[in-house]
Amino acid sequence: DIQMTQSPSTLSAFVGDRVTITCRASQYITNWLGWYQQKPGKAPKLLIYRASTLESGVPSRFSGSGSGTEFTLTISNLLPEDFATYYCQQYNSYSWTFGQGTKVEIK
Amino acid sequence: QITLKESGPTLVKPTQTLTLTCTFSGVSLSTSGVGVGWIRQPPGKALQFLALIYWNDDERYSSSLESRLTITKDTSKNQVVLTMTNMDPVDTATYFCVYSNYGDPPGFWGQGILVTVSS
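Note that the protein sequences, when read in sequence, are chains V and B.
Using the working numbering, you'd call the opening residue of the first sequence number 342 and step up by one each time.
Using the working numbering, you'd call the opening residue of the second sequence number 1092 and step up by one each time.
Next up, chain B with everything else stripped away, as it sits in the complex (with noise of 0.2 Å):
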């Protein structure tokens, strides 16, 4: 059974950058195939994709949001963490971990993360 966790700050200031960790189970980042990513929803509002890494280190990021992103994989420690800069209170979302096998949408969910910027 795969599991996978959202950790992080649950408030930060405009301008600040957001840190965020999944930490999974289940499956390995140094099996082929294997992809986790991040996709964030804004309180009632669609499903936004940000950003995906899978085993082979190849990246994916959001067109509109590319510039703020980085995501980058600890397979030691089957942890993936997203970085975003310059946060705005826009950027208020739930934050989900998801895995993905390569070539498929993401089956596996986490429990998400509520982020909220604030001054």
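So here's chain V without its partners, still in its complex pose (with noise of 0.2 Å):
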């Protein structure tokens, strides 16, 4: 399996900061990176695809970059709706992996 490593676990930052969250594929898998948002006791939510395009009304503060091995996800501007739990995921392979996710905490 493809492994996705996520960092940090843990981020702490304030309202308007601009925050990156890196992702690294333990092979190459060309742009076929996804992007989560996850807030407690809700389904996942899909920010980004294909390392960087922006779903359908996803806020532009959240952008994606990265292909091969690294990526990242920045979010310029956080508001207080941004504090939540971030995944990566491939979908290169036949068998899919998430990242072990990075939590955005307020500080």
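Calculated directly from the structure, the hints in this document are not laboratory data.
Accuracy of the hints is not assured; some may be wrong.
As the list claims (entries may be wrong) - Using 20 Å as the maximum straight-line C-alpha spacing, the simulated EDC-like pairs for lysine to aspartate or glutamate come out as follows:
1. Lys1136(B) with Asp1182(B)
2. Lys380(V) with Glu396(V)
3. Lys1168(B) with Glu1150(B)
4. Lys380(V) with Asp423(V)
5. Lys1136(B) with Glu446(V)
6. Lys383(V) with Glu396(V)
7. Lys1104(B) with Asp1179(B)
8. Lys1136(B) with Asp342(V)
9. Lys386(V) with Asp1195(B)
Assembling the complex is the task here: the two chains are given apart, and the hints tell you how they should meet.
Have a look at this one:
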């Protein structure tokens, strides 16, 4: 299986900050990478697919970049509703895999 | 609008077989590109892909759980069924049904169903 490693595991930030989450794949996955936001008790919500394409309705303060094995999710101007857990997911291979998650907390 | 809803037992005993049903609307598994599958999340832990079935009967499984999983579809009922054999307490998790267009990650998720494995 392709392993996905996110960093950091937890991130503390202020409202208004710009934050970046990194996801590394154990194998080359081109740009077959998605990012999700999950709030407690809720299903994950797709934010970005194909590494950098914003899902319809997702605010433009979210952006994704990268290709191959290194990817980033950036949230500019953090809003109170952005405090949540974020997951990356590769869908390059037969069997999808997720990162372990990054919890974005209020500082 | 695509909606999905999971149904099945919320409590199963160790060694039993779990059967979950996903009933969906707004899309048909007879349409080219459509895929419906399952992802789970143990309490406080990360997401884990389980299985996916596409309109053309292409089936995908988690490498680590493939021997215990079977996914089937009933196109006429707009349902997908997941069976997982030999359940263990470590399989306690919220099980989500998801929709994916071929080549894209899951963009629609059900609300999830918490399944507890305990004697």
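Tested hints:
1. Taken as a hint, the lysine 1136(B) and aspartate 1182(B) pair is honoured in the structure, with Cα atoms around 12 Å apart against an allowance of 20 Å.
2. A hinted pair counts as satisfied when its Cα atoms are at most 20 Å apart, and lysine 380(V) with glutamate 396(V) qualifies at roughly 17 Å.
3. Among the hinted pairs, lysine 1168(B) with glutamate 1150(B) is consistent with the structure: their alpha-carbon atoms are about 19 Å apart, no more than 20 Å.
4. In summary, the hint linking lysine 380(V) to aspartate 423(V) is supported, as the alpha carbons are separated by about 9 Å, within the 20 Å threshold.
5. Between lysine 1136(B) and glutamate 446(V) the alpha-carbon distance is near 17 Å, which keeps this suggested pair within the 20 Å criterion.
6. Restraint check: the Cα-Cα separation between lysine 383(V) and glutamate 396(V) comes to about 18 Å, which is no more than 20 Å; the hinted pair holds.
7. With a C-alpha separation of about 8 Å, the suggested pairing of lysine 1104(B) with aspartate 1179(B) holds against the 20 Å cut-off.
8. At most 20 Å may separate the alpha-carbon atoms for a hinted pair to count; lysine 1136(B) and aspartate 342(V) meet this at roughly 19 Å.
9. Simply put, lysine 386(V) and aspartate 1195(B) have alpha-carbon atoms about 14 Å apart, close enough for the 20 Å limit, and the pair holds.
When each numbered hint is compared with the structure, no violation occurs for any of them.
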